[in-house]
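Chain by chain, the residues run as shown.
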Amino acid sequence: MQNRRTFIKNLGAGSLGVFVLSGPMQAFSKNDLIQLTILHTNDFHSHIDPFPKDAARNAGEGGMAKRASMIEQIRKEQKNVLVFDAGDIFQGTPYFNYFKGELEFKLMTEMGYDAATIGNHDLDNGLEGLDAQLKNAGFPFINSNYDFSETILAGKIIPYKVFKKQGIKIGVYGLGIELNGLVSKQNYGKTKYLDPLEHALKMEKFLKEEKKAELVVCLSHLGYAYKEKKVSDLNIAAETYHTDLIIGGHTHTFLKKPDSVTNKSGQTVLVNQVGFGGLILGRIDYFFEKEGRKHSKTDDNIPIK
Amino acid sequence: MRQFRFSYLLLLLLAFSSCTTYKVEKSQTANIHLDSLVSITPSQKVEGMIQPYRDKINADMTEVLCHSDVALYGGHPESPLTNLFADLTLEESNRFCADKYPKIKMDVAMINRGGLRTPLPKGEIKTVTMFEMMPFENEVVFVKLKGDVMLDFINHMAMRGGEGVSGLRFGIKDGKAIKPEIGGKPVDPDQTYWLATSDYIANGGDGSETLSKSIERIDTGIKARDMFIQYFKRLGKEGKKVTAITDGRIYDAK
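In order, the protein sequences belong to chains A and B. Here the first sequence stands for residues 1 to 305, numbered as in our numbering. Here the second sequence stands for residues 1 to 254, numbered as in our numbering.
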C-alpha cells in the first residue's frame, strides 16, 4: 500500500475525488496543469488501406481511415495535440508505385500532421521524387543532419521548428540515417550526411537556450538500437543533454511502451517507436505546470485494429 | 454506440496512464495495452479521399495484359521463364535504344533468376501478376563492357549454375563457362559489348562485382516491372500469346 499512499499524497487528496468522479483531464486542469498530447507514426510505408484480409500477418489491421478517426477522436478530447511521423512514409504498396506518395501526403495533411522527418525510402524516387510531392504536404519536413544545399531540396527541408501550444514551446529537430550504402547514389545525389550526434547536440542546445523550448523532441530515422557499432536512438538519448523525447523509426521496432534512458544531465529521455505499416499510433502525454515547467508524462501506443 | 465505446475506452486508458505519472500503477498501463479492445469506425472523409485512387489501382491491377497457354517456371541452367524475361528485356531495351540512344544496341540481356519471385501463371496475365513476379523497384541499366569483363561475368553466371540470358550462349563445365558466344560469335576479349540488366546486378548484386568495371553505364530510369508490363501489353494488343523456349542457350557440357 505504500505505493498507493505515495500516489494519493502526490496527487493531493482533494483532487483525487475529482479524478475519480470526472476523469483525469478535469482533475489536472483544476491543478493548473496543461496537457500536451503527442501522437506519432513511423515507417507506415504507403499502407493506406488496412493490411489485406488474406495477409499472413496483421490481416485487416491498420489503415489511414481508421488512423484518421482515431486522431480526430483524440483531438475532440484534447486541446493540445501534435502529430508527427518519423519517416519512411513512402514505398510498400502499389499506392506508392502508382501515385508516388501523393496520396500519403494528402491524407497526412488531412489528418493534421504537424511535421515529419525523412526516411531512406522517402528518397526511393530520388530527391526529385520527394521534391515533386512536397506540394501535397501541408506540414514541414524537419531534418538537421542532411545538407541539401547543393540539391533540388535546398531550403525546402527545415532543420527545426518550434511549436506553441497554450504558451508552451515545443522545439523539434530531426535526424536521418547514413545514406551511403542504403540509398542509391543516384537517388540522394549531392546530399551530405552529417554526424547525427553532433547535430543533435547543436540543435537541442539551440532549441533549449535560444528558443527557450520547454520540451525538446527529436524525430529520428536512425533506428532504435543496433548490435554493431552504429548510431541509434538509444545512443542519441544517452549522449544528449536537453532532448526529452525521441520519436524513432527505421528498425520497425514495436515497443509496448517507450524506453526510458538517462541522459548526460541525469534526466530521463523517452525513446519510442511503433513498428511499421501504420498498425499502431504512438501516444505520449506530457503535463506541464502553469509556469511551463514539464511536470510529468504518460504514454500509450494504441493499436489501430 | 461504437464512437461512445471508443471514447470511453480512451478515457479509461487515460485514467490509468495518468497514474504512471506518479510511478504507482505503471504496470497497469502495460496491462491495458489492450489486445485491441478499441474498435474504430474509419473516417468517411478519408475513405472518400482514398476511393478514387484505390479504384484506379484496382482497375489497373486487374487489367488483362495477355494470355499464356502454359505456366512458365524458372530453373537452371536455363528455363522457359528466365529465357522469356531475358529475351523480352533485350527486345524492349533495343526498342528503347532505337528511340533514345540510336547509336547503341544491346548485345546481351541478363535477368537474374532470384529477381523473378513467382512462376508465370497459365491463363490471364494481369498487371498484378507482374507486381507479384517483380515486387522490387529495380530499374533497367545498360552497361558497356570490354570482352574480358564480359567473360568474367559469364563465368560468374556459370558458377551460379546459369541465369536468365538473351543474346548469349555458353556451356557450363565444372562451374566454368565454355565456348561463350555472343550473337553467334565467340566472345572477343578485346571487343566491347552492351549488356542490359537491372540496377541490382549492375551494382554488384549476387556477387556480380565485376560489372563495376564497365566502360560506360546508362541508368534508363525505367522500372524492370514497367518494361515487362509494356511487353505483355503489346503482345496482347497484337493478339499474340506468351511463348517461351528453351534452346540450349545455357547447357551442361559434359
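By construction, these hints were calculated from the structure, which means they are not laboratory data. What you are looking at is a predicted structure, and each value in this text was computed from that prediction instead of being measured. Some hints here could point you the wrong way.
Taking lysine-lysine pairs in the DSBU-like style, the calculated list, with each CA pair at most 30 Å apart, reads [as the list claims (entries may be wrong)]:
(1) A:Lys135 <-> B:Lys56
(2) A:Lys169 <-> A:Lys76
(3) A:Lys229 <-> A:Lys202
(4) A:Lys100 <-> B:Lys56
(5) A:Lys100 <-> B:Lys173
(6) B:Lys213 <-> A:Lys192
(7) A:Lys165 <-> A:Lys53
(8) B:Lys45 <-> A:Lys53
Which bits of chain A does chain B cover? Going by a derived footprint, with three or more residues having C-beta under 8 Å, they are [what the hints assert, rightly or not]:
(9) 67-77
(10) 88-100
(11) 106-113
(12) 233-244
Listing some non-contacts, in silico: residues in chain B with all C-beta distances to chain A over 10 Å [stated by the list, open to error]:
(13) Pro42
(14) Lys45
(15) Arg54
(16) Lys56
(17) Tyr101
(18) Gly114
(19) Asp148
(20) Pro180
(21) Gly184
(22) Gly207
(23) Gly248
Glycine included, C-beta positions come from ideal geometry on N, C-alpha and C.
We went through each hint and held it up to the structure:
no.	hint	in the structure
1	A:Lys135 <-> B:Lys56	22 Å, holds
2	A:Lys169 <-> A:Lys76	22 Å, holds
3	A:Lys229 <-> A:Lys202	22 Å, holds
4	A:Lys100 <-> B:Lys56	14 Å, holds
5	A:Lys100 <-> B:Lys173	46 Å, violated
6	B:Lys213 <-> A:Lys192	26 Å, holds
7	A:Lys165 <-> A:Lys53	40 Å, violated
8	B:Lys45 <-> A:Lys53	22 Å, holds
9	67-77	holds (count 8)
10	88-100	holds (count 6)
11	106-113	holds (count 4)
12	233-244	violated (count 0)
13	Pro42	3 Å, violated
14	Lys45	7 Å, violated
15	Arg54	7 Å, violated
16	Lys56	7 Å, violated
17	Tyr101	18 Å, holds
18	Gly114	19 Å, holds
19	Asp148	26 Å, holds
20	Pro180	30 Å, holds
21	Gly184	35 Å, holds
22	Gly207	17 Å, holds
23	Gly248	36 Å, holds
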